[in-house]
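So the protein sequences, as listed, match chains A and B.
According to our numbering, the first sequence holds residues 1 to 414 in order.
According to our numbering, the second sequence holds residues 1 to 290 in order.
To be clear, the hints were calculated from the coordinates, so they are not data collected in a lab.
Don't take each hint at face value.
Computed list of chain A residues with no C-beta within reach of chain B, every gap over 10 Å [unchecked claim]:
#1 Arg2
#2 Thr13
#3 Ser40
#4 Ser49
#5 Thr74
#6 Gln86
#7 Leu156
#8 Gln227
#9 Lys274
#10 Leu331
#11 Leu340
#12 Pro399
What follows is a set of in silico ranges between Cβ atoms, one per label pair, in the way DEER data are often shown [as the list claims (entries may be wrong)]:
#13 A/Leu262 <-> B/Leu174: 54 to 64 Å
#14 A/Ala395 <-> B/Pro64: 31 to 41 Å
#15 B/Gly37 <-> A/Gly19: 52 to 62 Å
Just so you know, even glycine gets a beta-carbon here, dropped at the ideal spot from N, CA and C.
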Amino acid sequence: MRLFYLEIRRVLTTRLTWGLLAVSLLLSVGMGYLPVTFESYSYQAEDGSWTELKGLRAVRHMQSLPQASPGEVTPQLLREVLENCQDVLRTYGKENIWALPREPFYGEDIILDSSLLSRVNEAAMRPDGTASGLLHVTGEQAEQFYDLCRTRLAKLMALEQSAHPAAGELAQRMYEKVRFPFFYEYGLGSDSMDYQTLLIFMIAFFCVSIAAPVFSADYQTGADDIQRCAKYGRIRLGIYKILSALLICGTAFLLCMGVFLLVTDSLFGWKGLKNSMQVIYSVSSLLPLNLGGLQLAVAAGSLLFLLSLLSFTLFLSSRLKNTVSSLAISLVFCVLPVILSVALPESAADLAGCLLPGGGIGIQNSLLCELTDFHFLHFGDVSFWKPWVMLAAAAAEVPVFLGLALHGYCRRRL
Amino acid sequence: MELQISHVTKEFRDKKAVDDVSLTLTPGVWGLLGANGSGKTTLMRIIAGIMEPARGEVLCDGIPIRTLGERYRDVFGYLPQEFGFYPEFTVKDYLEYMAALKGLRRQETRTRIDILLEQLTLLEVKKKRIARLSGGMKRRVGIAQALLNDPQVLILDEPTSGLDPGERVRFRNLLSEFARGRIVLISTHIVPDVEYIAARNAVMKDGRIVAQGTTQELVKPVAGKVWSCSVPAQKLAEYERSLRVVNLKCGEGDRAEIRYLAEAEAVAGSVPAEPRLEDLYLWLFPEAGR
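Okay, chain B solo, but in the shape it has when bound:
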């Protein structure tokens, strides 16, 4: 299966939220990175078919998703950034409702719900109203509904926001396993989530795809530009102002370890560090590190 985003543009008044984006998604986990307002959510909504592009189209195996209609939605799963639900529904009621919407048969519904409740550790709260669940649990219910129909194309917008570290790990593992032979597109600002599981990534900036490829390919532009060094703790504020600090760790005593981005060594005694996706993110979006 192949999902082709072809010259898609979407404007809101005078602002181009998505600007002539072309991208071909193949099976595997794809990470969609970008700062807030870079157009990720708009692009995902267009792929989901709930937003109409001003120009361009999205094709699934060469056929426009609009033409495919129900057939596309039958193999599609989506979790939007804002998970809307009916407050009076319990977890089980909601999943049953969504299963019926996705055209699952009754027996299949029971089986899928049981599996997902267990995988997403929601079994204990299945009879609780969604409105009374914590943010992380609500998010997991959202993920469960997206996975109900065992989709071939899964689009998740900020799926890990609100999840605690343990839940994020479980979710990443679940997704890695699930993604075999399917297209999974995850948008997130939590870069390590994508770094662990995404086979390929696309980076959006100002509505455009500015880079795409594997993590190794993507980080090439920042290779040799990531440094780490130890600095006096009392001078940290000064370094933060003058350098693009990716990470800092205050150790014992009056020293601190910093990781920074620079074309060349900016602090005496710095050593080159292995570039990571987060470094690229901050290289492309310097305002995100401020």
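Next comes chain A alone, as it looks inside the complex:
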């Protein structure tokens, strides 16, 4: 164990490591705060003048409004919110709330209800899958919101998975576990979740930079020649090198996630963690999670993807003779899922996302996108929800690449 401790200390004392860890920590704080800066709110004072609040002041003010905390999303609440919104839209002659004037406007409080309004609009979609528009949704439809949610999923599956009835059945089974009624309070939203995804991608980039030289730097400097001749210089050192890289990067990831979530959740308010993900993303979202649960699921799943990416990086490091090539190829594989998710047709991108190590780390291909989406992979008559396949593939890749890395290191002969 002493060797393990010394190996961890060695890696931590390298400038690259502590430099990247420090940057990761700063980024976690910064990116946790950034979504707050997008918030703004205008209100009319008693003297008739308009005041615009931005950033944290806007968040705090909106949190203080009684309308910001509806809690359980009841059909009656949805009807009130809808009718209030329709009044405002008719006043300004607009079709939806995003078309309302950017200057302070009458009834600005409907901004607080925008998530609920979007979901009502989504649930009441036309048979062809397009949205009706808020002015065309009736109060009765708002009152039947939860019935519409269930039929919405069935319609969506019929549209997207018509050739794969098993996918539709699986989606329905998953949706049965979703809790009704939904919960909503103003606060945590999709911006924070997007920034969590972006932060994960950046941390993965840094962790790959830390792991890439683990073996190859020793080959390059010749330090490996001496270590390899020592009693524990082969299997044991190989294992400790792998474990220390995983431990340092894994701990850094968890620490950064913890800091990010602490900053963003405390700024937006902890109550927002209870928000149903169906209110924030789609009424048909398949997971029975609130935003707090989704944050943790994204963090835990991404940790698994990170471990698979690191395992692959260590494997490359054990095979390549110099740090530059090890780092360059590892970083290419780090961004490859992002590139392929954009460049390839959907079915090929789905497959690449599952097979590539770290396939769930990125932007469009992120685990968050997949957890809130409806991608299924089909093997004959059997269908699987894509995030499960991605996670299973990552879990399988970790021991495979770690084994190959250890084998590559121990069997290295010139």
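With the hints as your guide, set chain B onto chain A.
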């Protein structure tokens, strides 16, 4: 203990770096001599187990070192020609790390490090980063790590390169003392280092062992072929072109003393000189003297 190198061959593409080498190393200091590219480093890496021979094997007390694995490495110390280290390590950190790699217990580690730091006069720099040390100090740190586990088999590739004369003397003394009952193999191109301390030597040329034995045995082929004489200083260039000059010393005035290799007296007035290992080296590797 006995280390048997048995018909070891190693090829790099079409070049045989080590060509069917057989050698039995017994306790004592062994010198491995040879010009650059003669295969010394490759042979040492094979003995260290970090390079796989294409044919043949290395046996320690009759057992292949590959089979012995950890047990062989437990009694083995190695300093490669290029001493690779972690630049962020201090001398002490590095030695502690290497001690842990060699399986030394904590108390033993402290004792061994203290002894070696003192023996190799590294005490004052023990908290300095290795990257900031001079070449000679880095070399001494390399020697220290090789000696940490008190090895029974010690392989040192060019251990004295970068050491100043005083350090070389201290190192030779340290090694002579250390080598009792152990196998120490030193490869060097600084022939006097080996001449002083090596009980036996092996000479490599083009991947083969061309001679082996004690210094006295090895120099026999050049006995009667080493000459010294005094020549006019202005004719030195001419003599250097026509003779295999081992050494020349310009004295006062217009005369110079030269030591040269020749089958017979080549300059009138030459007297036979006592052959040394360096003479043999230049006899076998004439290009080294050019």
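Hint check results:
At roughly 5 Å, the least C-beta separation between A/Arg2 and chain B is not larger than 10 Å, which violates its mark as non-interface. Listed as outside the interface, A/Thr13 is inconsistent with that label: its C-beta sits roughly 5 Å from the nearest C-beta of chain B, within the 10 Å cut-off. In this structure A/Ser40 is separated from chain B by more than 10 Å, as the shortest Cβ-Cβ distance comes to about 47 Å. Chain B leaves A/Ser49 outside its interface by the beta-carbon criterion, the shortest separation being 61 Å against a cut-off of 10 Å.
Non-interface call for A/Thr74 relative to chain B: holds, since the shortest CB-CB distance, roughly 61 Å, exceeds 10 Å. Distance check on A/Gln86: its Cβ is at least 66 Å (rounded) from any Cβ of chain B, clearing the 10 Å threshold; non-interface status holds. Separation of A/Leu156 from chain B is adequate, the least Cβ-Cβ distance of about 55 Å exceeding the 10 Å criterion. The beta carbon of A/Gln227 is not kept farther than 10 Å from every beta carbon of chain B, the shortest such distance being approximately 6 Å.
Annotated as non-interface, A/Lys274 keeps its C-beta farther than 10 Å from every C-beta of chain B; the closest such distance is 47 Å. No beta-carbon of chain B is positioned within 10 Å of the beta-carbon of A/Leu331; the least distance is around 22 Å. With a least beta-carbon separation of about 36 Å from chain B, A/Leu340 lies farther than 10 Å from that chain, consistent with its non-interface assignment. The Cβ of A/Pro399 lies farther than 10 Å from every Cβ of chain B, with a closest approach of about 24 Å, so its non-interface assignment holds.
The beta-carbon spacing between A/Leu262 and B/Leu174, approximately 57 Å, falls within the hinted interval of 54 to 64 Å. Distance hint for A/Ala395 and B/Pro64: a CB-CB separation of about 40 Å, consistent with the stated range 31 to 41 Å. Against the hinted window of 52 to 62 Å, the Cβ-Cβ separation of B/Gly37 and A/Gly19 comes to about 41 Å, which falls outside the hint.
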